[in-house]
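Following the hints, position chain L against chain V.
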Amino acid sequence: MTTTVAEQPRHAMAIQRGVAGRIMDRLGGGVVQVFLVLVAVFWLVPTLGLLIVSLRSETANNSTGWWTLLTKPAEITFKNYSNLLASGFGQSFWNTVLITVPATLLVIGIAAMAAYAFAWIEFPGRDAVFLVVIALLVVPVQIALIPIAKLYGFLGIFGSILGVVLFHVAFGLPFAIFLLRNFFVGIPRELLEAARMDGAPEWRIFATVVFPLAKPAIASLGIFQFLWVWNDLLVALVFADTDNQPMTKALQSQMRQFGTNVDILAPGAFLSLIIPLVLFFAFQRYFVQGLLAGSVK
Amino acid sequence: MTERLDGPQAPGGGDAAGEPPGPRETPPAGVTAPVAAAASATAAVPAEGAAPPRLGPSPRLAVMFLLPAVLLLAAWMIYPLVYSLVRSLFDASGSRFVGLGNYGSIFTDSSTLTTIRNNVIWVVVAPVVVTALGLIFAVLTERIRWATAFKLVLFMPMAVSLLAAGVIFRLVYEQDPDKGVANAIITTVHDTFSSSTGYPGARPRENDQAPATVQGGAVVAKQQAQPGRPVLIPLVGLSQDVVKDAAPAKAAPADGIGGTVWLDVVRGGGGTLNQVDPQEKGLAGITVEAVSGSTVKATTETADDGTFRFSGLPAGSYVIRLPQSNFTAPFNGVTWLGPALITPAIIGAYIWVWAGFAMVLIAAGLSAIPRDALEAARIDGATEWQVFRRITVPLLAPVLLVVFVTMVINVLKVFDLVFIIAPGSVQPQANVIALEMWRVSFGGGGNQGLGSALSIFLLLLVVPFMIFNIRRFRRDES
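Protein sequence lines correspond, in order, to chains V and L. 83 is the number that the numbering used here gives to position 75 of the first sequence; each next residue is one higher, with no gaps. 58 is the number that the numbering used here gives to position 71 of the second sequence; each next residue is one higher, with no gaps.
Warning: the hint list may mix true and false statements.
[Claimed, not checked] Computed list of lysine to any residue pairs in SDA-like fashion (alpha-carbon distance at most 20 Å, straight line): (1) V:Lys158 <-> L:Ala62; (2) V:Lys158 <-> L:Val69; (3) L:Lys209 <-> L:Asp228; (4) V:Lys87 <-> V:Thr72; (5) V:Lys87 <-> V:Thr76; (6) V:Lys87 <-> V:Leu56; (7) V:Lys158 <-> L:Ser354; (8) L:Lys284 <-> L:Gln211; (9) L:Lys209 <-> L:Ala197; (10) V:Lys158 <-> L:Leu72; (11) L:Lys284 <-> L:Val229; (12) L:Lys284 <-> L:Val306; (13) V:Lys158 <-> L:Asn434; (14) V:Lys158 <-> L:Ala79; (15) V:Lys158 <-> L:Phe84; (16) V:Lys158 <-> L:Arg459; (17) V:Lys158 <-> L:Arg83; (18) V:Lys158 <-> L:Ser80; (19) V:Lys158 <-> V:Asp249; (20) V:Lys158 <-> L:Ala271; (21) L:Lys231 <-> L:Gly257; (22) L:Lys237 <-> L:Asn261; (23) V:Lys87 <-> V:Asn70; (24) V:Lys80 <-> V:Gln41; (25) V:Lys87 <-> V:Ile272; (26) V:Lys80 <-> L:Val168; (27) V:Lys223 <-> V:Ile272; (28) V:Lys158 <-> L:Ala61; (29) L:Lys209 <-> L:Lys284; (30) V:Lys158 <-> L:Asp292; (31) L:Lys237 <-> L:Gln210; (32) V:Lys158 <-> L:Tyr70; (33) V:Lys158 <-> L:Arg426; (34) V:Lys158 <-> L:Ser82; (35) V:Lys158 <-> L:Asn261; (36) V:Lys158 <-> L:Val306; (37) L:Lys231 <-> L:Ala271; (38) V:Lys158 <-> L:Asp78.
Hint data in this document are derived by calculation from the structure and do not stem from the laboratory.
This is chain V alone, in the form it adopts within the complex:
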């Protein structure tokens, strides 16, 4: 956490002292401080609100604003959470895990192989095929919903977790291949040449030389794909039936009566975001790296 995000400004500090710097010196650093504190509060308050609403009883939420809890913390109760879990929400939490973990691992494995071919094996038409992959980066999910629903119906996997996983794997591939290929290209040629000289089969070079070296890129990709699948609503909405639905779809079905369902929706939404948030803080460095590699090249 301290590395990437922190390093950039530290590195840039000397440069930037000039730019906005001297303007701000004149305005007074205090104004900037106060402004940014306000912005940070502005960004934190909505999530804090969700957390507090999830910890208050329905009657309390209906009578006063959540911010009143700050003056009477005794109102905290975990009853919403226990009610939610008793109502079968645990199953959809588990479904989210069952969808996200395989979809993430499969994307990493399949994309790493393809990226290796694009980076280190020469074959006719390589650049053209890679351009197709880049073109597919921005293809909207909507384009595949109807055809794949038909295909799944034909194959008998409509509504299953398998169908949802495969959809996520396919749509995760263009970005994954793009990210890993760009990283693989940067691996020193000598390392591969040496291994090839030793007569190591390509498969083993991939598994023992390139894959381990690419750990940072794979970590970036892993966190991205994990968040993308974990947080998905649309794919699940179309392809997962009620038994196999992840948390997002389960919560969405409660949205219609938002007012009366806050005691389900608030703890549910909070449960759904706590794991991504923990992962995000733990692997934040890789997240930022992936962002930079994926967007600004």
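Relative to chain V, chain L alone:
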């Protein structure tokens, strides 16, 4: 139970070990099997070629490495593209060819036209605001010591699902100021600056003896106000609870232009009509206007005992009027989730989610700016604003463009936030193309021909950015 445990292990473990996870149906099995096939084929290829002419592996090997990815991309992306294109030329049932009819109805049907209008609003507003905020925050965080913490706070919403973000903002935008924090803040600010508490329902008696009457929502005294003749404005229609804590009403002093506004009702009955009785309560904080002709000459407010007095008003006779604002319901905040504001409200949530992304990318770009250019300009006597405007921003232009383009692509596909934040009754007003595509195809619309046309339309909208990405990649590679 076993199913649950086996679920993640089969595909996950299979992937890592290079074994096919063995799904039940044919295409998925075909897709994953080459992982194992590639392993054995790799070993076989060099032996087969005996003496390889060059050190690199053979192109045939590439096929093995690419096969799983190519199969998945072909089956889940390329084939659907073709299928959707064809399907969009047929009607809802899929049996009758309608040519471009579905595309025609996208541009004639009023509900799809609304979605296009909303997408235009989104594309015009959201990417610009997100990029501008990202730039401002990135530059300002250079000035603080807690930049890391600040960036983390702003960046955090990116990890949260859009569904959760939607629930979060449904709570923020709740109409009731006792539930929604946005209206709680707005009403607090409003009440701080506007002291009028408001007496909804208060009105004069409707008879000839009543000294005041209602004209266009305002209460107007029948008697003209003159110095030394206090104006009496007795009102009814308020519950005694409202004035429980109010001071007793008093008759206004006879000097100057003034009078009394009070609740002309005695708890438990009694008292004289249209006269200030000691048990009756004054109405404090009512805005009173002195009108001459059709212009307001002076404005004042009633005191705790209901009396008011215009000081410094030239002698003459005036009509005393209590404007309508005294009697409207108290300000109850903004209707964020109503038809008028729903799209701006959702864009607000979108900005909350994405500003951190823009900030982090732009901050990375800032750190890469060569300091010589800035120093040279400064030595030449450029002001800081000029340096920022003429050097920093142009040098950042490539990053700003990338952020902007990424946001445009993202905004074109916006779905979850609109679906979650807009209440069912205003979804038609908040609708966007991506949501309409789902609604028409799966959400009860029952028209997959139109749905396919909408998905192709969406694809066409992102094609320019597809070309942008390809160009950028080719430039970077060469």
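Quick rundown of the hints versus the structure:
1. V:Lys158 <-> L:Ala62: 12 Å, holds
2. V:Lys158 <-> L:Val69: At roughly 14 Å apart (the allowed maximum being 20 Å), L:Val69 and V:Lys158 satisfy the hint.
3. L:Lys209 <-> L:Asp228: Judged against 20 Å, a Cα distance of about 28 Å means the pair is violated.
4. V:Lys87 <-> V:Thr72: 18 Å, holds
5. V:Lys87 <-> V:Thr76: 19 Å, holds
6. V:Lys87 <-> V:Leu56: 18 Å, holds
7. V:Lys158 <-> L:Ser354: Status violated; Cα separation ~49 Å.
8. L:Lys284 <-> L:Gln211: 14 Å, holds
9. L:Lys209 <-> L:Ala197: 8 Å, holds
10. V:Lys158 <-> L:Leu72: 15 Å, holds
11. L:Lys284 <-> L:Val229: The hint is violated at about 31 Å.
12. L:Lys284 <-> L:Val306: 10 Å, holds
13. V:Lys158 <-> L:Asn434: Within the cut-off at roughly 14 Å; holds.
14. V:Lys158 <-> L:Ala79: Holds - the C-alpha atoms of L:Ala79 and V:Lys158 are around 14 Å apart, at most 20 Å.
15. V:Lys158 <-> L:Phe84: Cα-Cα ~19 Å, so holds.
16. V:Lys158 <-> L:Arg459: 36 Å, violated
17. V:Lys158 <-> L:Arg83: Within the cut-off at roughly 18 Å; holds.
18. V:Lys158 <-> L:Ser80: 14 Å, holds
19. V:Lys158 <-> V:Asp249: Holds, at about 15 Å.
20. V:Lys158 <-> L:Ala271: 70 Å, violated
21. L:Lys231 <-> L:Gly257: 17 Å, holds
22. L:Lys237 <-> L:Asn261: 13 Å, holds
23. V:Lys87 <-> V:Asn70: 16 Å, holds
24. V:Lys80 <-> V:Gln41: 30 Å, violated
25. V:Lys87 <-> V:Ile272: 10 Å, holds
26. V:Lys80 <-> L:Val168: 18 Å, holds
27. V:Lys223 <-> V:Ile272: 39 Å, violated
28. V:Lys158 <-> L:Ala61: Holds, because 16 Å separates the two Cα atoms, which is no more than 20 Å.
29. L:Lys209 <-> L:Lys284: Roughly 18 Å between the alpha carbons, so the hint for L:Lys209 and L:Lys284 holds.
30. V:Lys158 <-> L:Asp292: Outside the cut-off at roughly 76 Å; violated.
31. L:Lys237 <-> L:Gln210: The hint holds at about 19 Å.
32. V:Lys158 <-> L:Tyr70: 10 Å, holds
33. V:Lys158 <-> L:Arg426: 17 Å, holds
34. V:Lys158 <-> L:Ser82: 15 Å, holds
35. V:Lys158 <-> L:Asn261: At roughly 79 Å apart (the allowed maximum being 20 Å), L:Asn261 and V:Lys158 break the hint.
36. V:Lys158 <-> L:Val306: 76 Å, violated
37. L:Lys231 <-> L:Ala271: 12 Å, holds
38. V:Lys158 <-> L:Asp78: 16 Å, holds
Violation of the numbered hints given earlier is confined to hints 3, 7, 11, 16, 20, 24, 27, 30, 35 and 36; the remaining hints are satisfied by the structure.
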